[in-house]
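K.L.:
Okay, here's what each chain looks like letter by letter:
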Amino acid sequence: MTLDARTFSVTRADLVRYAAASGDHNPIHQDDDVARSVGLPGVIAHGMYTMALAARAVTEWFPGAEVVSLGCKFTNPVVVPADGGVDVEVAGEAKEPDEDGLTTVVLTVTCEGQKVLGMPKAVLRVP
Amino acid sequence: MPVDQSLVGRTFPPTRPYEVTEDRLRDFAAAVGASYDGAAPPTFPIVLAFEAMNAFLEAESVDLFRIVHGEQKFAYERPIVAGDVLTATLTVASLRQIAGNDIIGTTSEVTDASGARVCSTSATLVHRGADA
Chain A
3 MTLDARTFSV TRADLVRYAA ASGDHNPIHQ DDDVARSVGL PGVIAHGMYT MALAARAVTE
63 WFPGAEVVSL GCKFTNPVVV PADGGVDVEV AGEAKEPDED GLTTVVLTVT CEGQKVLGMP
123 KAVLRVP
Chain B
5 MPVDQSLVGR TFPPTRPYEV TEDRLRDFAA AVGASYDGAA PPTFPIVLAF EAMNAFLEAE
65 SVDLFRIVHG EQKFAYERPI VAGDVLTATL TVASLRQIAG NDIIGTTSEV TDASGARVCS
125 TSATLVHRGA DA
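So the protein sequences, as listed, match chains A and B.
The first sequence maps to residues 3 to 129 in the numbering used here.
The second sequence maps to residues 5 to 136 in the numbering used here.
Please note that a few of the clues may not be correct.
Think about it this way: if two alpha-carbon atoms lie no more than 27 angstroms apart in a straight line, the pair counts; the simulated DSS-like pairs of lysine-lysine are [claimed, not checked]:
| no. | chain 1 | residue 1 | chain 2 | residue 2 |
| --- | --- | --- | --- | --- |
| 1 | B | LYS77 | A | LYS97 |
| 2 | B | LYS77 | A | LYS123 |
| 3 | A | LYS75 | B | LYS77 |
Keep in mind that the hints were calculated from the coordinates and are not lab data.
Assemble the whole structure, with the sequences as input and the hints as a guide.
P.N.:
Put into structure tokens, the structure is as follows:
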């Protein structure tokens, strides 16, 4: 079953708020100069912020479901410009429940047409 | 400077107990744009795992700004709710060097006040070398 893709906009203000809520104050998510000093194109979103958006799409698609596992690789950075922001799109495909009643949702998470997460996947127990 | 190979298999002390409050869950949910329905958002355990990672990086004198997240997995035993008092215990699972970067595999077990496992997390951290 193909799920309705969600689009989330990401701004630098979102990253500041996420840093405060998560405790992840890595300056590569706030400061262009620091990000460039380690070879990044500029400030990037926390990988965990992008993963949280993917999880948010899953919990919106399946309200009340219990998440059994969640995982992904961070394959490409989400570069967040100082002005405006950038869109992250989360698409998903739900498999048929397996013999244990678990539903696997295979995700595709892109930014400006490029996949940013590798093999993002959630396994759910849907009531 | 590469990370010390002898770290593989080492388990670091548990993080100090972290009390999950409704305010903290609401803040985290709001920060990722999610609605709060009583249970923690699925990526919330990263708060614990991140604290364990920070303690590990400090112990090994690794700069946080040189760390990029490579991979993250969560396996949940039960939802996290307000009132939980959690700690995370990090173990270095693997370490390899690729193109001047250290690829550090870690696991962090998140347990509650009774010692029961709430969530198992694993993370791959890429430590970008100074000349990478």
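K.L.:
Given the hint that LYS77 (chain B) pairs with LYS97 (chain A), test it: the Cα-Cα distance must not exceed 27 angstroms.
P.N.:
Satisfied, since the Cα-Cα distance of roughly 20 angstroms is no more than 27 angstroms.
K.L.:
Sort out whether LYS123 (chain A) lies within 27 angstroms of LYS77 (chain B), counting only the CA atoms.
P.N.:
holds, 9 angstroms
K.L.:
Next pair to validate is LYS75 (chain A) with LYS77 (chain B); report whether the Cα-Cα distance is within 27 angstroms.
P.N.:
This hinted pair holds, its Cα atoms lying about 9 angstroms apart.
The structure is consistent with each of the numbered hints, conforming to all of them.
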